[in-house]
Structure formats: C-alpha cells, structure tokens
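Undergrad: Sequence:
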Amino acid sequence: MIHNVIKVVDLVSKFDETPSLKIYNSILDVLVKEDIDLARKFYREKMMESGVEGDDYTFGILMKGLCLTNRIDEGFKHLAAMKSRGLIPNTVIYNALLHALCKNGKGNVVQALVMLEKSFGNGCVPDVVTVTKVIGILCNEGRVTEAVEILERVKSNGGSVDVEAYNTVIKGFSMDMFQEMKMAGIIWNFVMFDTLVNAIERSSRILRLRKESSVDDVKRVYDQMTEEGGIPSALVYSSLIHGFCQKGLIKEAFELMNEMISRTYFPIATTFNSVLIGLCKEGKIGSAVNLLEDLVGRGCLPDVESYNPLVEALCRKGEFQKAWLLLLQMVDKGVVPDFCTWNSLVLCLSQEKMWIEDKSMFREHNLLE
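Position 311 of the sequence shown, counting from 1, maps to 311 under the UniProt record's numbering, and the rest follow consecutively.
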C-alpha cells in the first residue's frame with residue numbers, strides 16, 4: 001500500500017505534469033506515519049532531486065516523524081537544515097520538539113526551556129498539551145515559580161491555557177508545602193490534609209470561575225477558601241488581580257496584591273503590570289510610579305510593559321522630563337525600551353518648540369549612538 005502511494009508521483013509525471021507541493025506533502029504525511037526512514041528517502045530522492053525542497057509544512061511533517069521515534073538529535077539537525085534554507089520554524093515544529101524533550105526526562109528540561117523561549121521569540125505559542133507537559137516537569141522539580149511565569153507568558157502571547165494546566169501548577173504548590181513541612185519536621189494530620197485538599201479544590205474553582213463567571217462569584221469562593229483556612233497560591237492571587245483589573249476594580253486589585261506580598265508571594269511583572277495600567281487609566285500616575293518603585297525595592301523584576309504605561313501617561317500630560325527620567329531608570333535596570341516607549345517620547349517631543357535642542361539629550365546618554 002505504501003509503495004502504491006509513492007507511485008502516485010511517478011503516475012503524475014507520466015502525464016508530463018509536475019506534482020504540486022501539496023501532493024508531495026500529502027504523500028510524505030502518509031509515509032511518516034508508517035516509516036520515518038522511508039519518508040526521509042522519499043524526501044531526498046523524489047522531492048529534492050526534482051528540485052522541490054519543500055516548505056515549513058514539509059519540515060513539520062518530517063519533524064513529527066523524527067520526534068515520535070525519539071530521534072531528537074536528528075530533529076535538531078533537521079531544524080538547522082530548515083533554518084539554512086531561510087524557513088522559519090512554525091508551531092508544529094516547536095510542539096514536536098518540546099513533546100520529545102519532555103518525554104525524555106530531566107536531562108532535557110534545559111533544552112526544552114530554551115526551545116520554549118525560542119518559540120516565543122519567533123511568535124509561536126505551543127499548544128496547551130505541550131505547555132502543560134513543560135510546567136508539569138518544572139513543578140515536579142519544585143520550580144513552581146518558573147511554571148507560573150511560563151503560564152503567564154503563554155497567556156500574554158495569546159496562547160490558550162486550560163484547567164488541567166492550572167491544576168498542575170496548584171498541585172505543584174501543594175507538594176512544595178508538604179516538602180516545607182517535612183523539612184521543618186512537622187508531621188501532617190488529617191485536618192491539615194483535608195484543609196489542603198479543600199484549598200486545591202477551591203483554587204481550581206476560582207480559576208474556572210475567572211473564565212466563566214463574574215468577579216463577585218470568584219471573590220465569594222476566595223473568601224470561603226480563606227475562611228476555611230485555605231492558603232491561596234500565587235497563581236490564584238495573580239488570576240484574581242487580573243480579573244479585578246479587567247473590571248476596573250483597581251482598588252480591590254491593589255489591596256489583593258498587598259495581601260499577596262504580605263504572604264511572601266512576590267508578584268511577577270505580568271501580574272503587577274495589570275495594576276499599573278489600571279492606575280494610569282484612572283489618571284493616578286503618581287500612585288503608579290510609587291507602586292513601581294515600591295515593587296522594585298522589594299525585589300520584584302519589572303519589564304518593558306511595566307514602564308510603558310507610565311511613560312505614555314506622563315507624555316500625554318506633557319511631562320517629558322519625568323518620562324525621560326523614567327526611561328533612564330528603566331535602562332539602568334537593564335530593561336530595554338521598545339517601539340512603544342520611543343513612540344511616546346518622540347510624539348511628546350514633537351509637540352515641543354525645543355525639538356532640536358532636546359535631541360542632544362538622547363546623544364548625551366548614548367541612546368542614539
């Protein structure tokens with residue numbers, strides 16, 4: 001049957017027609033599912049020798065075949081060959097590699113994280129199954145904070161996250177708690193276990209409700225959870241803060257973030273950025289600047305999205321000097337300004353009469369050199 005599929009190409013050629021890339025890819029897809037070596041031979045002898053190098057879809061088919069047969073090293077060579085032809089890896093390529101790396105245990109975690117970073121850099125967001133596998137490995141290694149950061153980045157890049165992904169992180173937090181108790185010599189009892197199980201169940205409900213229901217419903221479950229002695233995870237806090245900010249309840253979000261910090265959870269940038277944006281929208285720029293300074297002082301790490309709303313808000317008010325000082329502060333912290341940062345500053349400057357003189361400030365700080 002397989003060899004009959006390959007003969008399709010020869011049959012088309014007999015009619016003095018050149019098989020389309022779509023036909024080649026369809027045949028390749030069938031071959032990969034049966035025999036990856038036969039598929040690679042078909043690619044070399046039938047496609048490349050006919051002058052058909054294929055597209056990103058072609059390489060995606062071959063990559064899936066290599067990764068499914070656990071030939072990761074060959075998969076990386078395949079990736080290099082693809083890039084040498086000027087093709088940009090797509091989501092299928094990254095998903096296949098990440099699946100294979102995760103399947104092969106702890107030794108490949110670093111490679112998986114590097115590959116995940118590259119996928120984000122190329123504008124590709126892995127599917128929810130792949131993401132859940134990565135965060136599951138991190139949680140099993142006690143690296144729950146990193147797992148939360150990945151979850152937040154997937155969401156901020158437009159990717160989808162389901163309840164299973166959240167449950168994986170919540171489970172990671174609970175296991176961390178048990179480990180801390182064990183190291184402290186504390187023996188858990190059934191009351192503690194029951195409390196923890198209830199907290200996990202409430203956390204899952206909160207994360208589900210955040211997508212399906214109103215903020216009031218979420219807050220009610222949260223209050224019930226804390227009244228029963230449950231300790232909200234950083235993920236629960238982060239989800240609630242995002243929800244409050246989306247509804248314009250900045251005061252409630254601000255109070256919740258203070259509570260989060262008081263429990264020694266330090267919010268990541270994607271969490272406190274929501275509050276900063278909300279404060280700026282309300283015109284409370286001074287409060288936003290003070291909050292950012294306070295967070296940096298506590299050891300939280302801002303990113304470019306933390307500074308941009310403040311720079312934009314100050315520029316809208318015509319307060320260029322304050323915006324400029326904020327830019328210098330972000331550069332000093334190692335945060336690189338992006339298009340939005342410069343756009344706000346340039347638009348503000350273009351409305352000033354001293355445009356020519358002001359340009360010297362850029363050169364003074366070596367920002368245009």
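In short, the hints are calculated from the structure, not lab data.
Just so we're clear, the structure is a prediction, and the values are computed from it rather than from any experiment.
Incorrect hints may have been included.
Said to hold, decoys possible - Here are the in silico distance ranges between beta carbons for each label pair:
#	residue 1	residue 2	range
1	Lys-77	Asp-55	42 to 50 angstroms
2	Gly-248	Arg-298	24 to 32 angstroms
3	Val-163	Lys-22	34 to 42 angstroms
Claimed, not checked - Computed list of lysine-lysine pairs in DSSO-like fashion (alpha-carbon distance at most 27 angstroms, straight line):
#	residue 1	residue 2
4	Lys-103	Lys-155
5	Lys-118	Lys-155
6	Lys-77	Lys-103
7	Lys-182	Lys-171
8	Lys-182	Lys-118
We put the CB at the ideal spot given by N, CA and C, even for glycine.
Undergrad: When the structure is checked against the list of hints, which entries are broken? Sort them ascending.
TA: Hints 1, 8 are the ones this structure does not satisfy, whereas the remaining hints hold.
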